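Novice: Now for the letters of each chain:
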Amino acid sequence: MSELMTDRQIDRSKMQVSDEVAIEIRNMNKWYGSFHVLRDINLNVNEGERIVIAGPSGSGKSTLIRCINRLEEHQSGDIIVDGTELSSDLKNIDKIRSEVGMCFQHFNLFPHLTILENCTLAPIWVRKTPRKEAEETAMHFLEKVKIPEQADKYPGQLSGGQQQRVAIARSLCMKPRIMLFDEPTSALDPEMIKEVLDTMIELAEEGMTMLCVTHEMGFARQVANRVIFMDQGQIVEQNEPEEFFNNPKSERTKLFLSQILGH
Amino acid sequence: MSELMTDRQIDRSKMQVSDEVAIEIRNMNKWYGSFHVLRDINLNVNEGERIVIAGPSGSGKSTLIRCINRLEEHQSGDIIVDGTELSSDLKNIDKIRSEVGMCFQHFNLFPHLTILENCTLAPIWVRKTPRKEAEETAMHFLEKVKIPEQADKYPGQLSGGQQQRVAIARSLCMKPRIMLFDEPTSALDPEMIKEVLDTMIELAEEGMTMLCVTHEMGFARQVANRVIFMDQGQIVEQNEPEEFFNNPKSERTKLFLSQILGH
Amino acid sequence: MSDVSFVRTEMLPQQEPPGSSVGIVGWARANLFDGVTNSVLTIISLILVYFVLEGLLSWTFQSVWNASSLTECREIMTATWGKTHGHACWAVINDRWLQLLYGFYPPYPAEPGVNFGENTGAWPAYFRPNLSFVLLLLAVAPVLFDKVPRKLLIVTAVYPFLMPWLMWGGSIWGPVMAAAGFGIGFLAYRLLTPVIGGLGGIIAAIALPVIWWLFLVGIVAAGLESVVSISIPEVESRKFGGFMLSILIGVVAIGCSLPIGIVLALGRQSDLMIVKTLCVGFIEFIRGVPLITLLFVASVLLNVFLPPGTQFDIILRVLIMVTLFASAYMAEVVRGGLAALPKGQYEGADSLGLNYWQAQRLIIMPQALKISIPGIVSTFIGVFKDTTLVSIIGLLDPLGLSNAIRADAAWNGIYWELFAFIAFLFFVFCFGMSRYSMYLERKLHKGH
Amino acid sequence: MTTLTDPPKASFRLSMLIYDTRYRSMTIQAVAMIGFMLFAAWLINNTMTNLETLGKTPQFGFLLEPAGYDINQRLLDYNSQDTHMRASLLGLLNTLLVAVMGCITATIIGVLVGVLRLSKNWIVAKIMTVYVEMFRNVPVLLWIVLAMAILIESLPAPRAFRGENPEATMNLFDTVAVTNRGIYVPEPLFSNSLGNIHLLGQSSLRFDVSVDLIAFLIVLGLSIFGITKVNARAKHIQETTGERPKTLWANLGLFFVPTGILLALLGFHLGYPELKGFNFKGGTHMRNSLIALWLALSLYTAAFIAEIVRGGILAVSHGQTEAAEALGMRSGRTMRLVILPQALRVIIPPMISNYLNLTKNSSLAIAVGYMDITGTLGGITMNQTGRELETVLMLMLCYLVISLSISMVMNWYNNRVKLVER
Amino acid sequence: AGTLDDVKARGKLNCGVTTGLVGFAAPDANGEWMGFDVGVCRAVAAAVLGDPKAVEFVPTTGKTRFTALASGEIDMLARNTTWTFSRDVDLKFTFVGVNYYDGQGFMVPKELGVSSAKELDGATVCIQTGTTTELNLADFFRSNNISYEPVPIETNAEAQQQYLAGACDVYTTDASGLAATRATFEDPSAHVLLPEIISKEPLGPLVRHGDDGWGDVVRWSLNALVTAEELGVTSANIGEMAAGTNNPEINRLLGSEGSLGEMLGLDAGWAKNAIMAGGNYGELFEGNIGESTPIGLARGLNAQWTDGGLIYSPPFR
Ligand SMILES: Nc1ncnc2c1ncn2[C@@H]1O[C@H](COP(=O)(O)OP(=O)(O)OP(=O)(O)O)[C@@H](O)[C@H]1O
Ligand SMILES: Nc1ncnc2c1ncn2[C@@H]1O[C@H](COP(=O)(O)OP(=O)(O)OP(=O)(O)O)[C@@H](O)[C@H]1O
Ligand SMILES: NC(=O)CC[C@H](N)C(=O)O
Ligand SMILES: [Mg+2]
Ligand SMILES: [Mg+2]
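If you're matching them up, the sequences are chains A, B, C, D and E in order. Heads up, the final residue of the first sequence is numbered 263 in the working numbering, and it's a clean run with no missing numbers. Heads up, the final residue of the second sequence is numbered 526 in the working numbering, and it's a clean run with no missing numbers. Heads up, the final residue of the third sequence is numbered 974 in the working numbering, and it's a clean run with no missing numbers. Heads up, the final residue of the fourth sequence is numbered 1396 in the working numbering, and it's a clean run with no missing numbers. Heads up, the final residue of the fifth sequence is numbered 1713 in the working numbering, and it's a clean run with no missing numbers.
It is worth saying that the hints were derived from the structure and are not from the lab. One or more hints might be untrue.
[Unchecked claim] To be clear about the criterion: a stretch of chain D counts as covered by chain E if any three or more of its residues have a C-beta under 8 angstroms from a C-beta of chain E, and this derived list gives those stretches:
id, region
1, 1197–1204
2, 1237–1247
3, 1332–1344
[Claimed, not checked] If you only want the chain C side, here are some residues facing chain E, beta carbon under 8 angstroms, derived:
id, residue
4, Phe630
5, Glu762
6, Ser763
7, Ser825
8, Leu922
9, Ala930
10, Arg932
11, Tyr941
[Claimed, not checked] To list a few chain C residues with every Cβ distance to chain B over 10 angstroms, as calculated:
id, residue
12, Ser796
13, Gly874
14, Tyr965
These numbers come from a predicted model, not from an experiment. Every residue gets a Cβ at the ideal spot worked out from N, C-alpha and C, and that includes glycine.
From just these sequences and the hints, can you work out the full model?
Specialist: Here you go:
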């Protein structure tokens, strides 16, 4: 996959990692029917960390991050987000979901609402923010992703890159402390990828905790402070990006890296 | 856009231009509703000429060549193809269409017919050729475009480049004296573009009169004997390829060339 | 962050999921008892199903099959179970099922004494509707399924002429000569076009068959019949009834409405203002009124609209009206198919020099119709169900027959058994077809 | 062909009518028009000749003659001496009545079933599937007849309520009687009634408007106006502070207090049905013919609506639900704010064409003796007067007007909700 | 051409009957139509075509019967139809005679304890739509100033079901129909016919106006049946009688004397054929609806005039 197509200077100094734990996953297992899709996952994410998850298709990357905001249910082990344990307790789920933003591969904007409405919907109904305030926040984030002028259009009228940026803005409007990205650029054309990655880098610079499933290795190298490699539902290797790319330990990782960096 | 990716020697000597007029367009104007899409077009094409039409999107290139076989109706001026004036007279239209072959960007093959049937349909029904003969001709042209072995497949089973070549063969089966191409390669992957361009070059070598809307500047340079540049419904500049590329006269052309050759 | 670096040394094996989430227990947990509301719903549903089945099954299966009248049925019930309620008397179906299926279609050749004497049971003429039905399946098979050999298309082409002959009987020359009309049209076009030009050829190709059908078919057919007599006994349409009638009306209506519907759809799509207005007017008119009013027209008005003295029987009149009715719906279905075709197909055809009709016939229609098949099947189901309305104007379709049967002294007072049987047959037919159209829809989805 | 002279400017030739695209379309249209006119003329001519021989020239005078028959289920006053026109009017109202009632219940049942078919509960989903398939694949006429039969056979006759130890009793504290002749419910009565206004005098189209009703509607209107005000304020507050104040009690109060006062002023009381003689007297009677038709049409149409609803919901991609959930919205809100608005676009157009079908199917009322317009104008009136042409034409006209109005609404809606796209 | 010629040319008589009324017309399991009205059709067919089986029975509802006849779809209608002024004059049909003198009656369950129609105030009445009985009913209750609630029903079978289930208190239609219906009840004795007969319902076959020749054929076919009973000609003894008797009227009737058949445009044995088809009037009556059948109607008004009834045929002369 191509290197990150950004020409700006990335300011790694701002990306501070505190040592407060944001997400803690302990011995987590998940099955789809009788298919063991996540096996004994252990993962600690500190606040401000930027983690990239990579791995071959079907290795359970999406499933893992979907478990974190309970879009999928895990069957054993614990997931603790920001001190709250994810259980079947609806209140906990609500609490966690409003602190974890999620950004999908296919954006999943609401086509019947304008961009602005997309961004204000959840703050108004979930956070009970006054409309005015919600709209101001929304405009703030839309400016941040550089499309304030599209606020009154409908998603169908935007390009893919713009839509993905709206999706990010929409999550940000809930002021989450953690952002999950599931292959946010893989449905986009090369030019648009750049737009979206730029936005993500900016977020990283502001110290947002991020978990990102992506194969943009340039992004991983420059932004992440940890890369996790998954295979067959397990975390096979994790390391700092430099180490990970230059000096992979496991055979599986080597094979994978040779493939995706090779061509 | 990339240079022509062909490695074969192009034999320009064979490409003779006679001085018989194949297409004559005089003061032609066309409107879509109240939108003046073609303005005062004057163009003479001699038999054997190979003309490339270029220009920015929306400049009316497609409309122009669609007018030549009356897929669109023009409102004023004359178009005379091979001595027949294009008027509302159905007989003339039929006559011209059977002498002018057209090849679309999206191929427009008939998905319910096999390749062979696609190619024999018009000869049998329009030219009233006996089926046997039509099939022989079809196979001949399929061989020419190098896919005789696909004759019994359906279009859906072929790759884009193969489909486009079938589309060319289909037109050729009507033994047209003039071929019109509307961005025949722009829906194709780079590798497939080569296949199609090769086929077109071969045609050119055989002295076929060709009008081709394309942005393959390599093709234009090597094959065309005239390049026409259109903008806003007008012919802005026309010249021999060498002159056109190396020494454009109009500002508009310069700008355009810098854009498409630049990146 | 010293804990960052981690390498798994050995891969974990695939484990069995916790017991509660798989197997029957897991399934039940996930699908039936997932939360309080769901559990309550499940229990209520189970109780409901139990009561319905209990009543229905005992009624259906603890029943009387052999009796010659309702009274006898009741006697048997009283003797067996001590009460007459809660038990079905299927004897009425046993007694009348042939009638419910075939109406009054003679079980023997319609003109007794021809070859078979008065012996009514000798040579069941039921084989004629049965054969028609089997041939129908053969005729539509190549249209509906890709894998069927193309040769069967011959059956499809012959069927429209063969079916009326089988059903109504009479001389074979009538249908043959009617089919010959198409041959005449074709020949006229072929032979006359070089002589009098394309336009003349077309006019001749239309006019000659029409003249042939209107004036000559009868005479020629009669002549041929007197020379070489090939005929089977005639059956008046009055004798048609029961499910045979429903199927007949449905099949004829769909068969005939297809060409009309195509023409209407093309008219509605065209940019010729008047043609378009006429087509839209017709379609919207037909779709705007209930079928029953059209049937009223068939039964009380059609004769008024036709030239004085025209006589043709009620079944034909109903066939005409139901056909018109189906055409309007068919036109909309076909229009949907046309709209789904990319514009490039029209342009491709144009650029090759095909004229309008050639393009329609060779390029557009084959594709549009294929897309429309699910819609056509649904229309057929609708029309087939709607054939029950003919009972209101006195035709003896299954519902009409149920009235007639209940008017027989032997079965006066019977009720549920008849309707259950009729509903069951309709269900089997329609359900089968709707499944088929779903299968088609899925296939179409995959194909694109 | 090097030199091209000016192309010959051909003068008009007859063959251009066929071969010239400009004239050809005119030719075709002219031919179509002439063909249509000839056909119409032929029809009209036949009709005229035939009617002359039958001695029935078309005329509509019969509409003003006394009908002579009675109508049991009626929305306006009527007796057998009223004209055929009034009988038709009553029929038309009955058609509309059952159509409107049917559409409402069909929608409710259909939406419910459609949603339940998607339920995670296997058995509920399966039951709903059985229901849908059962109703979709059996003719509606059969269902109407069966519904009637079930009502008649399974409910108690009025005489079962009689005697010392009646086999059947009234429901809901003796206020509602469910019998096999229909359902008797309490009717509203006013002791200080304001009377009626008679409109259109003695003509066949006359109708009465109850002043009580008008007063009631006005007060209700005012209440609802008040409620919208309260809600608007609540919305305003929500937009400024984020919290939506509880409006339930204010709404309830606004709704019930004024109307309650008005009803008290008018001396509102309920007239209860009571078994007198052969039948229940008093109360409002919904005849079983109406109920059977209503039930059958609703259940039949609901099966189709259920499929539409299911399809509509499935058409909204799962990603939408996930996105909403990821934003922290609960399932109820997700449904209301995200899924439904999108599903409705897909659902409404086919739904309306099903309403149309229901209205047309209501013409099967004759099968159960419900006096809709097909039963009156197209049934008894046609039969007693022998004016087939006139009655059938009028009948079609009525349905056509209803259908076209519904189609117009549909087109309007479709244009309004088109998704904005590039 | 006249209807008679049409029928002869066709070789079949199209006869309209009801879609089903016990005793009057209904198809059996073999699709053979049976009943009193059917008998009239067969007699006419036998008279005209010599074959009682040469009939095409066209089931009609109360609604379609008149249009079927007016449009020529059927040649005659024998569908327990009442002879009324407007049907004759306005709808333009010729009633050729009366095969059953009827009147509209009421049937109620015995347990209601009703003994007179006047006590039916407030009752729910089942009634067939599109019939004279529907109009009579409205008139009757109106003139007696009592209220009722009509339950309009399309067919007799449906009406019977509703009545039995108690969906209506009373069923009213032609008394013959009532008796026929009651006869098939599980317990006929639980239901009574009220004494009032509120209308005259002369039921008879009818044809279109404007073809008197055909009207005569049907009329005299019916009369032949009546006269045959009066003269003692039965299907059993008709064979020997046809050979010639000493009663000249019988001879004229059966064609051994005179040329009545020729005058009608039929062959001489026309009446003989008609009578052989199903017997004379009395035999038809007894065989289909008479006291020996489950329906069990007494002759009553429909006895021969010689027995004090109204059945009376003009002379064959
Ligand atoms: N709803 C489901 N039911 C059953 N199996 C599923 C389901 N969703 C995913 N799976 C399976 O679980 C495994 C992991 O899926 P997941 O989507 O997490 O992979 P991934 O690593 O995100 O792959 P990709 O890079 O292709 O997105 C796959 O084998 C997939 O087939
Ligand atoms: N059917 C139509 N109705 C109205 N306007 C049209 C129609 N087709 C094309 N146009 C307009 O006419 C102009 C010329 O269109 P045309 O397709 O000829 O451009 P083009 O030069 O081929 O552009 P491209 O390179 O994008 O294919 C455009 O502005 C287009 O929007
Ligand atoms: N019950 C009937 O169908 C006939 C009723 C009545 N004799 C009539 O002619 O109208
Ligand atoms: Mg994934
Ligand atoms: Mg173009």
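Novice: If a hint holds in the structure, say so; if it does not, say that too.
Specialist: Hints, one by one, checked against the model:
1. 1197–1204: violated (count 0)
2. 1237–1247: Result for this restraint: violated, n = 0.
3. 1332–1344: This one holds; 3 residues, not fewer than the three required, reach chain E with a Cβ under 8 angstroms.
4. Phe630: 4 angstroms, holds
5. Glu762: For C:Glu762, the interface hint holds, since the closest Cβ of chain E sits about 6 angstroms away, which is under 8 angstroms.
6. Ser763: 10 angstroms, violated
7. Ser825: At about 5 angstroms, which falls below the 8 angstroms cut-off, the nearest Cβ of chain E leaves the hint on C:Ser825 intact, so it holds.
8. Leu922: Holds - the Cβ of C:Leu922 comes within 8 angstroms of chain E, reaching about 6 angstroms at its closest.
9. Ala930: 4 angstroms, holds
10. Arg932: Because about 4 angstroms separates C:Arg932 from the closest Cβ in chain E, which is inside the 8 angstroms limit, the hint holds.
11. Tyr941: 6 angstroms, holds
12. Ser796: 16 angstroms, holds
13. Gly874: Check fails; 3 angstroms does not lie beyond 10 angstroms.
14. Tyr965: Non-interface label stands for C:Tyr965: nearest chain B Cβ at 20 angstroms, farther than 10 angstroms.
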